[in-house]
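Number of protein chains: 2
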Amino acid sequence: MPLLVVGSVALDSVETPTQTRENVLGGSASYFAYAASFFTPVRLVSVVGGDWPAEYTELFRSRQIDTSGLVVLPGSKTFRWTGKYLANMNDRETLDVQLNAFAEFDPVLPEEYTRCQFLFLANGLPSVQMRVLEQCPGATLRVADTMDLYINNTRDDLVDLLQRIDGLVLNDSEARLLTGDDNLVRAGHAVRAMGPRFVVIKKGEHGAMFFSRHETYVMPAYPTADVVDPTGAGDSFAGGMMGYLAEQGNFEPKTLKKAMAYGTLAASFTVEAFSLDRLREIERADIDRRMEEYQRMLSF
Amino acid sequence: MPLLVVGSVALDSVETPTQTRENVLGGSASYFAYAASFFTPVRLVSVVGGDWPAEYTELFRSRQIDTSGLVVLPGSKTFRWTGKYLANMNDRETLDVQLNAFAEFDPVLPEEYTRCQFLFLANGLPSVQMRVLEQCPGATLRVADTMDLYINNTRDDLVDLLQRIDGLVLNDSEARLLTGDDNLVRAGHAVRAMGPRFVVIKKGEHGAMFFSRHETYVMPAYPTADVVDPTGAGDSFAGGMMGYLAEQGNFEPKTLKKAMAYGTLAASFTVEAFSLDRLREIERADIDRRMEEYQRMLSF
Chain F
255 MPLLVVGSVA LDSVETPTQT RENVLGGSAS YFAYAASFFT PVRLVSVVGG DWPAEYTELF
315 RSRQIDTSGL VVLPGSKTFR WTGKYLANMN DRETLDVQLN AFAEFDPVLP EEYTRCQFLF
375 LANGLPSVQM RVLEQCPGAT LRVADTMDLY INNTRDDLVD LLQRIDGLVL NDSEARLLTG
435 DDNLVRAGHA VRAMGPRFVV IKKGEHGAMF FSRHETYVMP AYPTADVVDP TGAGDSFAGG
495 MMGYLAEQGN FEPKTLKKAM AYGTLAASFT VEAFSLDRLR EIERADIDRR MEEYQRMLSF
Chain D
255 MPLLVVGSVA LDSVETPTQT RENVLGGSAS YFAYAASFFT PVRLVSVVGG DWPAEYTELF
315 RSRQIDTSGL VVLPGSKTFR WTGKYLANMN DRETLDVQLN AFAEFDPVLP EEYTRCQFLF
375 LANGLPSVQM RVLEQCPGAT LRVADTMDLY INNTRDDLVD LLQRIDGLVL NDSEARLLTG
435 DDNLVRAGHA VRAMGPRFVV IKKGEHGAMF FSRHETYVMP AYPTADVVDP TGAGDSFAGG
495 MMGYLAEQGN FEPKTLKKAM AYGTLAASFT VEAFSLDRLR EIERADIDRR MEEYQRMLSF
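Protein chains in written order, with our numbering: chain F, 255 to 554; chain D, 255 to 554.
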């Protein structure tokens with residue numbers, strides 16, 4: 255089943271303790287779409303500027319990613335993010351953000367897209383996420399991501415949004431910020447009580463937690479000795495998760511749990527190189543091989 | 255098979271964001287021994303002062319914990335630790351330490367104890383841990399714990415010890431400190447390269463990692479909404495792990511993995527109350543019930 259993602263496509267400059275990369279393909283919707291494309295056809299809605307390298311559009315198209323919703327504004331520039339990772343490779347500092355074309359992002363979906371059953375609202379203004387939601391009245395699974403900026407600055411809009419979606423994906427510090435509770439198990443259920451049927455808390459190198467009315471569980475991250483660049487891990491997680499759900503065409507508890515595992519593994523590949531470089535090297539079979547290892551790891 | 259533990263028995267005063275307890279039963283060997291006693295007979299070697307409440311010795315004896323190695327020095331006082339947990343319940347501050355009787359701890363094992371096959375050296379001076387090791391030349395499984403104090407102050411002794419033991423259990427910040435590597439997967443293998451056949455890195459609320467020559471795996475903590483007091487979680491982990499190994503009488507890879515899970519669950523009960531209070535309420539069957547839940551949680 256096709257999967258619709260709406261969010262940012264960017265050019266990132268990333269500094270790690272040992273290496274740097276400039277103006278490489280980034281943005282939450284890019285990571286999400288690429289990771290999801292191992293599982294299902296993806297429809298990508300975003301906006302870029304005149305500086306957008308056409309090769310990246312080609313890259314998306316070479317996968318099963320439909321880019322007819324990727325708007326190019328020739329008079330503008332593409333969203334740019336510059337960040338630096340600390341020695342632990344888990345904490346990072348944002349050095350510079352230039353929203354550029356993304357500042358005006360107010361997507362009007364192609365008519366065909368509005369009938370998508372599986373929808374992911376990548377990080378963005380909750381009011382924009384809400385307007386996308388309104389264009390897809392028939393979606394059966396609506397999942398959103400959010401971040402500290404929106405929790406702090408547009409909390410009311412976010413609270414409205416939470417009552418309109420089926421699932422929310424956010425990281426551990428964001429869950430603590432949103433709920434004021436340091437215990438992640440309580441925080442997860444507190445977010446769920448704000449509206450969504452399920453909540454996923456991403457914990458970076460420590461894995462991810464799942465919360466629904468009847469279930470609470472944790473999955474560890476796949477143990478990776480060689481973390482080159484964590485950028486996009488959380489978006490790849492969401493892409494792997496939603497991609498698998500759309501492939502299966504349902505979001506029953508059993509499917510959701512396997513989807514959490516696929517999300518974990520998609521993220522584990524992403525961090526092994528800069529940008530989408532590692533995902534570009536692998537095939538679905540590589541993810542499935544790692545799934546077998548991961549399942550073996552958790553069997554006793 | 256009986257399990258020998260050598261380490262501290264203490265009276266703890268603990269402050270959490272919502273509650274405090276004064277002079278309650280604590281110490282790494284106490285938590286270890288109690289958690290292990292769900293699985294196997296335990297022999298406890300430690301030292302306390304004249305202020306030691308006899309009821310705690312009775313408590314140990316009411317379990318299958320042999321206290322003939324628990325020396326009471328009437329002219330001295332029991333080891334006291336005072337600590338305070340921060341709001342996140344994962345970080346803590348030590349407010350006061352009075353080693354008292356434990357400062358002179360240089361155990362001479364009862365003759366019968368020296369034939370124990372399964373030995374755990376709880377936190378203590380590596381030189382003391384080494385002298386215990388020398389009294390048990392026939393032990394088949396020798397596992398130790400250590401901490402930042404000994405990594406910083408007695409590194410050479412610790413390095414010697416690592417070449418004489420089969421397993422080391424330490425927490426994530428200690429693994430980073432010992433190896434200088436922030437990546438826990440690399441750090442785990444680097445510690446293993448210093449001598450022990452296997453290494454366990456405890457990550458508190460994020461679970462534990464296992465490293466041997468042929469295996470690397472992670473287990474998440476059991477998700478607990480109600481963390482009352484994390485004191486002793488790591489020692490309970492080690493007690494559950496070693497207790498199960500001694501019960502099974504082997505430390506083959508499959509047994510070790512199940513032992514890691516039992517350690518995880520022993521810790522999950524400990525944090526649900528102060529001191530040993532929660533462990534005192536439960537039976538082996540409660541741990542096994544949680545094991546079923548935990549296995550179900552990790553199946554997909």
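These aren't lab readings, by the way, just hints derived from the structure by calculation. Virtual Cβ for every residue (Gly too), placed ideally from N, Cα, C. Some clues are possibly wrong.
Claimed, not checked - Which residues of chain D face chain F? A partial, calculated answer using Cβ under 7 Å: (1) 342; (2) 351; (3) 353; (4) 470; (5) 471; (6) 472; (7) 479; (8) 482; (9) 511.
To be verified - Here are the simulated distance ranges between beta carbons: (10) 468(D) with 414(F): 51 to 57 Å; (11) 371(D) with 409(F): 57 to 63 Å; (12) 345(D) with 417(F): 30 to 36 Å; (13) 394(D) with 348(F): 52 to 58 Å; (14) 549(D) with 309(F): 57 to 63 Å; (15) 410(D) with 344(F): 39 to 45 Å; (16) 527(D) with 413(F): 33 to 39 Å.
What the hints assert, rightly or not - DSSO-like, lysine-lysine: derived pairs with alpha carbons at most 27 Å apart: (17) 331(D) with 508(F); (18) 511(D) with 508(F); (19) 511(F) with 508(D); (20) 338(D) with 512(F); (21) 511(D) with 511(F); (22) 338(D) with 511(F); (23) 331(D) with 512(F); (24) 338(D) with 508(F).
Now for the hints, and whether the structure bears them out:
1. Hint status for residue 342(D): holds, given a least beta-carbon distance of 4 Å to chain F, under 7 Å.
2. Nearest Cβ of chain F to the Cβ of residue 351(D): about 26 Å, over the 7 Å cut. The hint is violated.
3. Because the beta carbon of residue 353(D) sits about 32 Å from the nearest beta carbon in chain F, more than 7 Å, this interface hint is broken.
4. The beta carbon of residue 470(D) is positioned within 7 Å of a beta carbon in chain F (closest approach about 5 Å), and the interface hint is therefore held.
5. Look at residue 471(D): its Cβ gets to within about 4 Å of chain F, closer than 7 Å, so that hint holds up.
6. This hint holds: residue 472(D) has a C-beta 4 Å from the nearest C-beta of chain F, less than the 7 Å allowed.
7. For residue 479(D), the interface hint holds, since its Cβ comes within 7 Å of a Cβ in chain F; the closest pair sits about 4 Å apart.
8. Because the closest C-beta pair between residue 482(D) and chain F is about 11 Å apart, greater than 7 Å, the hint is violated.
9. The criterion of a C-beta within 7 Å of any C-beta in chain F is met by residue 511(D), whose closest approach is roughly 4 Å, and the hint holds.
10. The hinted window of 51 to 57 Å between residue 468(D) and residue 414(F) holds, with their beta carbons roughly 52 Å apart.
11. Under the hint 57 to 63 Å, the C-beta atoms of residue 371(D) and residue 409(F), about 59 Å apart, fit the expected range.
12. At about 35 Å, the CB distance of residue 345(D) to residue 417(F) agrees with the hint of 30 to 36 Å.
13. Here the CB-CB span from residue 394(D) to residue 348(F) is close to 53 Å, well matched to the stated 52 to 58 Å.
14. For residue 549(D) paired with residue 309(F), a C-beta distance near 47 Å fails the hint of 57 to 63 Å.
15. At roughly 31 Å, the beta carbons of residue 410(D) and residue 344(F) sit outside the given window of 39 to 45 Å.
16. Between residue 527(D) and residue 413(F) the beta carbon distance is about 35 Å. The supplied range of 33 to 39 Å therefore holds.
17. Only pairs whose Cα atoms come within 27 Å are accepted, and residue 331(D) paired with residue 508(F) is rejected, the gap being roughly 56 Å.
18. Simply put, residue 511(D) and residue 508(F) have alpha-carbon atoms about 25 Å apart, close enough for the 27 Å limit, and the pair holds.
19. In summary, the hint linking residue 511(F) to residue 508(D) is supported, as the alpha carbons are separated by about 25 Å, within the 27 Å threshold.
20. Between residue 338(D) and residue 512(F), the direct Cα distance comes to roughly 40 Å. Violation of the 27 Å bound is thereby established for this hinted pair.
21. Simply put, residue 511(D) and residue 511(F) have alpha-carbon atoms about 22 Å apart, close enough for the 27 Å limit, and the pair holds.
22. About 37 Å separates the Cα atoms of residue 338(D) and residue 511(F), which puts this hinted pair outside 27 Å; it is violated.
23. With a CA separation close to 55 Å, the supplied pair residue 331(D) and residue 512(F) exceeds the 27 Å bound.
24. Between the alpha carbons of residue 338(D) and residue 508(F) the distance comes to roughly 41 Å, so the proposed pair goes past 27 Å and is violated.
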